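Participant: Here is how the chains run, residue by residue.
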Amino acid sequence: MEQADLRQWERQCIQEETPRCVAACPIHVDAKLFCSLMGQRRWDKAWQVLAKTMPLPGVLARLCDAPCESACVRKDAGGAVELGELERYCAENAKPVPPPKPLPSRGKRVAVVGDGMSGLSGAWEMARRGFDVTLYSSEPGRHLREALGERLPDGVLERELASLVTLGVRFDKEMKVSPSVLDSLLEEADAVFLDSDAISSDLLPAEVPDEITLGVPRLGLFVAPKGEASPVLQAAAGRRAANSIERFTQGVSMVSGREREGAYATRLFTSLEKVESVAPVAVESDSELTARDEARRCLQCECLECVKVCEYLRHYKSYPKVYVRQIYNNESIVMGTRQANTMINSCMLCGLCETVCPEDFDMAEVCLQARRTMVEKGKMPPSAHEFALRDMAFANGEQCVVAEHAPGADASEYAFFPGCQLTASDPDGVEKAYADLRGRIGNVGLLLHCCGAPAHWAGREDLEAETAASLVDKWEALGRPKLIVSCPSCVKTLRHQLPDAEITSHWSLLRAIGLPQGIAGGGAFAVNDPCAARHEPLMREDVRALLDQMEIAVTEPELTGQTTECCGYGGLLSEANPQLAKRVAQRRAAAADEDFVTYCVMCRDQMARVGKRAVHLYDLLFPARSRCACRPSPGYSDRRENRIRLRERLLRELWRKEMDGETDPADAIDVSFTEEALEAMDERRILKTDIRKVLLQARNSGKWFVHRETGRFLASFRPSIVTYWAVFENHEGGYLVHDAWSHRMRIKGGQP
Amino acid sequence: MSVIKVPEIDSVDWSCAACGEELVRRPVELEYLDSQFTVELPVCPQCNMVLIPKALALGKMHQVEQLLEDK
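Protein chains in written order, with our numbering: chain W, 3 to 754; chain G, 56 to 126.
In isolation and in its complexed conformation, chain G is listed as follows (with noise of 0.2 Å):
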């Protein structure tokens, strides 16, 4: 599956508090009604945390959850 990129997210100005470290982008699965997609995202290189940004939670996000909804 080919992996999704949301260019217009930007969360560098987050960093993981328990490992310290940056976060970089890497593909994450994410799901919803039996659908499933690779979505690049904020993860922390360490301990995998991922990070959904408001502006992404509340904008494509929230579109492709209402369009799955309607399928």
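Next comes chain W alone, as it looks inside the complex (with noise of 0.2 Å):
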């Protein structure tokens, strides 16, 4: 990743935007945390914060007339949260503080002419910053009592006068401001700023102060707005005076980056979905709880869209924005210890918070490049991926391939491609699906082949092109069919991975012809969309038809069809991040009361896996009194065998083919396993072949290790990469395995 992608990618996600009450208040006030703490009725720290932003926050905030209402996100589920209101009540209760400590002085003289909101603000803004500010007013503040008075209680404003004073304020009570001593003022001061609305109007140019800088033509003299109603936006334009002021006196641009000074549109999306409507609370002077309630309405806005509904997202406790930032940071480490591998292998790759994102930002295109780099630098952690990869070349090797025109056929228009992932899980209702198929239609060939997903989700480039190439070879070799797809995720992939076949997904062909003989029809059931059909809007509908012709009664989701939630087996992640996948599958169990029913296989053996009923439409369609809703998963060894003897019977019964003679030797080791060793051996994917190896090497060497109390014995075995071990016994001329485990260090010095 580029430091131009970050950029690109962080500037798309929008929950740091500002809230649009702070991006509506023409200071800024940050009203998100003032309301936040209010409702935790901290009075004086929700002080804090006005005062932080706020000149004379005294006046200021019981003056305020509060044109964040008219923004808030509230506004349209009761009523916005009365800000103003809740600014006066902090005033009145909170505990004051002293004035902002102000910046060394920068040896800059500034007059300021007009003691009214505005002029008062900007001496207090300039003030601050270390300008030497002379106040020109006959008797200061006596313009802002005379406008609104009795709207302030005694001493208020007082009190900020003379908190302008410790500023460093200087009042000049006796010099009546003529044009001529403006003219003298504007030779001695480095600048000028004149309160429109409380001078005389013989010292206002005759040109309207330009609405950026709030200059004139004459230089170093700033005016306020004449007219301007609102006390904020007086304060605002008091501000505007002094940042103009002081890029003035430094010499620097006058007008860039200034777009956000005053209210601005901001594109933080806040949804109201599940908010309830909550009308505005009266606040009253001494009762707290008004107080607090009003400020419990605020919706505290951010975007969050993606991680309310990715658990994901959620788990790595951030948003997108950091992740991406993370992932760019893991991508530059060059020693030390990358942190968010796991992180970045965690996606599901499964688009949902694309979908829901208002800005369309896509977590599965920054971790599958990521993932795409780690191969690339050789970074990969070599454990993340490797059992379902070798998983892949064992579907696309010789035991499990299968291109064949129909039997007795030399031509296929038709081939039926029903995934690796099917034939391992359910090699019956394949086959039975197959035989409907070529009942019905006639020149189906069978192509038994791995459609890549696994090499795509692991970013390994190398593989996928592997994997295209022959599925383009056996493809050709079978004429060019037209291929009917049941799984979605091969649907998707081989779009990609045969761009020039014709894809039909098996949902679609079954609508058109109509359903086979002997479904088990009736029931209800929640429909469970792949998210591999979330961009597929017709198979999901072609699957709801099928249900609905079945009469079988279909509750959805909350989160279905397009926003539809991954099982946790999408992007590898079960492989990569085991516990996480099983809390991403409890998430989507929870999801419905009903049992689920689904058309992705692996949907339905991970739904299995955390203990939801569930079945794959095969199930319905193709029924077998094995196939319930409550049959577990298959292991990772029957899932190899189930797709080995689906292949064998197939071409022995259908294509009169016998095997070829040559077998492993260590298929010919006898050996059964408790069913504790079978539990910890798929935890630890671990395969009966592998501890067959263990077992024949262990036979072949005579070198094992005993147990003293239990006379069990151990052994281990290096294949390739990973050391197996295996504790068993002797059993019945053969052998039964209690226990298994491995590792990927290795033990230098020869042993095997």
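If you are wondering where the hints come from, they were derived from the structure by calculation, not from laboratory data. Given the structure is predicted, the values throughout are model-derived calculations rather than measurements. Warning: the hint list may mix true and false statements.
[As the list claims (entries may be wrong)] Just some of the chain G residues that point at chain W, by a computed CB distance under 10 Å:
1) F92
2) E95
3) V105
4) L123
[Stated by the list, open to error] To spell it out: a stretch of chain G is covered by chain W in this simulated footprint if at least three of its residues, at any positions, have a beta carbon under 8 Å from a beta carbon of chain W; those stretches are:
5) 78-91
6) 113-119
Glycine residues also receive a C-beta, built at the ideal position from the N, C-alpha and C atoms.
With the hints as a guide, bring both chains together as one complex.
Facilitator: Pasting the structure below:
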């Protein structure tokens, strides 16, 4: 990832954008933080938030006309938070704070003429920035007092005037400023600021001040807009003048980068979905609870649309803008630990975040690119995806692959592509589906192969290309048939891997040709769309149409269709981070009370692994007694054996082909496993074939350990890059395995 | 290189079947992703066959493997 890419991604995530109230405030008071503190009855802390940003806070907080309220997101859910009332409550009840400590003197003199809100605010802002400010007014504060007197309790204005003195503002009450005096002030001082509404009109220049700078053609003179009625906009004019005078005296650009000085539009999105409408609470000056409750209506605006729906994004306790920086930093590490590797490998690449994000931020793209970079630089942790990639290689190996025309045919108009996981989990269903297709369509060939999705998810473009080449090869050899594909992930992947092939989902086809004989219809299910069907509205519709034809009552989980959730298998999460995958599966399992019906077998098996009853559509279309919603997910070894046996059975029975006699000597080892051993092996990704190799090696070498008490044996073998250990005993002429473990570290010194 | 000791592993229950020897603790060299360690592990004193106990393989050894993979 280049730095420019990082910036682009960071810009795209809006979580850190300014809340609408803060953006709408002409001086950008942190109203969100203010409300949060008020909601906790921390009045003094809340006051500090106002006093940090407001000039003459005791005055302004009481007079503020709260333009933020018209921008408040709560407006559409009961009514805007009444910020103005809360400010006044806080001003009345919080402990006053001393004025800010001014910066060291800049040695620049500024004259402020006029003591309205603009003039006083300008003087306040400039004094705190280290200007030597003189305020010309015969009776400082008189103008403000006359204008707004009864709205200010006694002593409030006097306190803020005293604060101005503390800040270093000098009051000149003697000098009566006339046009000629103004000329001399402009001569003597570095700049002059006029509060238009608090001076005699003969001092005002003829020109309207510039909107951005408040400057007029006369150099060094800055003028507040005349006739501004809003106190907070008057204060904002004082601040704008201070900003301009600071730039003016520094000799820098008067205009650049000032777009966000006043109120501006923000991109922050805050959803009102699930927000209960609550009417404003009338804030009473003597009731803490009314102020608290009104403040608590604040939504504490933020986006987090993606984090709300994704267990992965939630798990790492932040949001994409932060994650993308962590990923960028991860790539930049030369020496040291790459902390974000697991995070990068834990994204399910399911695309839900992009779908719900108002700005289409796609974490999948970020993580997939990061994985590819890791692979390219040789920094992908070897253990992350190796097991899945070995499984893919196995599915694409000679023991599993089939590419045949229909029995007795020498050409294929169609070829059935059930996908390697469906053949692994439900070989009987695949066999029946193929028989149904042959029976009703006729000339349908068979292509048993992996689509290459695991390679894609692992960032292994080399293996992806290798799989594509093998697929193209076999598809061409079959005469480029139209593919009938069951698995939504295969549909998605094959479109990329075999761009010239015409691909039809099995579900669309069944909708067109009608249901097969002997379906198990009726009943009620919640439909679970696989994440690969997110952008496949037709496929989703076809599936629902089939369910309808089968007279199945269907409910939809809250997140469904385009916004469906991944089961935890996508992106190889269950390999790279099994604990998180389990939580993801549990979350999805909790999305419906009914049994799930789905059309991705990995979804079905992931649900089964966390105890959620779920069926695959094949279970209903091609039912068998053994395939109920409660059946467990087959283990990894069984999945392999299912593929092998399916191939052997089909070749033998449909194509009358005999298997070649060459077998692995390890296959001849007679071994059984305890339930505990099988469970441990599945969790540790150890296959029965791995253990057979251990036992063969032990038998051939005569080397093993023996346990003093149990008499059980312990042997190890390292076929390639993982060392496997097995605890076993002799059992009925073969072996019974009790436990197994593995490690990747190599023992030096030639131990096999 | 200093020898890493793993006191928590307990392997006295195993002996070498072929040699009939009780295992002894000896420094053993382990290697993963260009890193090498010398760890005191149970070994047959006669044929030098090394035992990696389950608790070590699934515990500390696994942690170190993960750590090295992220280097």
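Participant: Hints first: check each against the structure and report whether it holds.
Facilitator: Each hint, compared with the structure:
1. F92: With Cβ-Cβ at 8 Å, under 10 Å, it holds.
2. E95: Since the shortest Cβ distance to chain W is 13 Å, the answer is violated.
3. V105: Holds. Min distance 5 Å.
4. L123: With Cβ-Cβ at 9 Å, under 10 Å, it holds.
5. 78-91: holds (count 8)
6. 113-119: holds (count 4)
Going down the numbered hints, you'll see the structure goes against just number 2.
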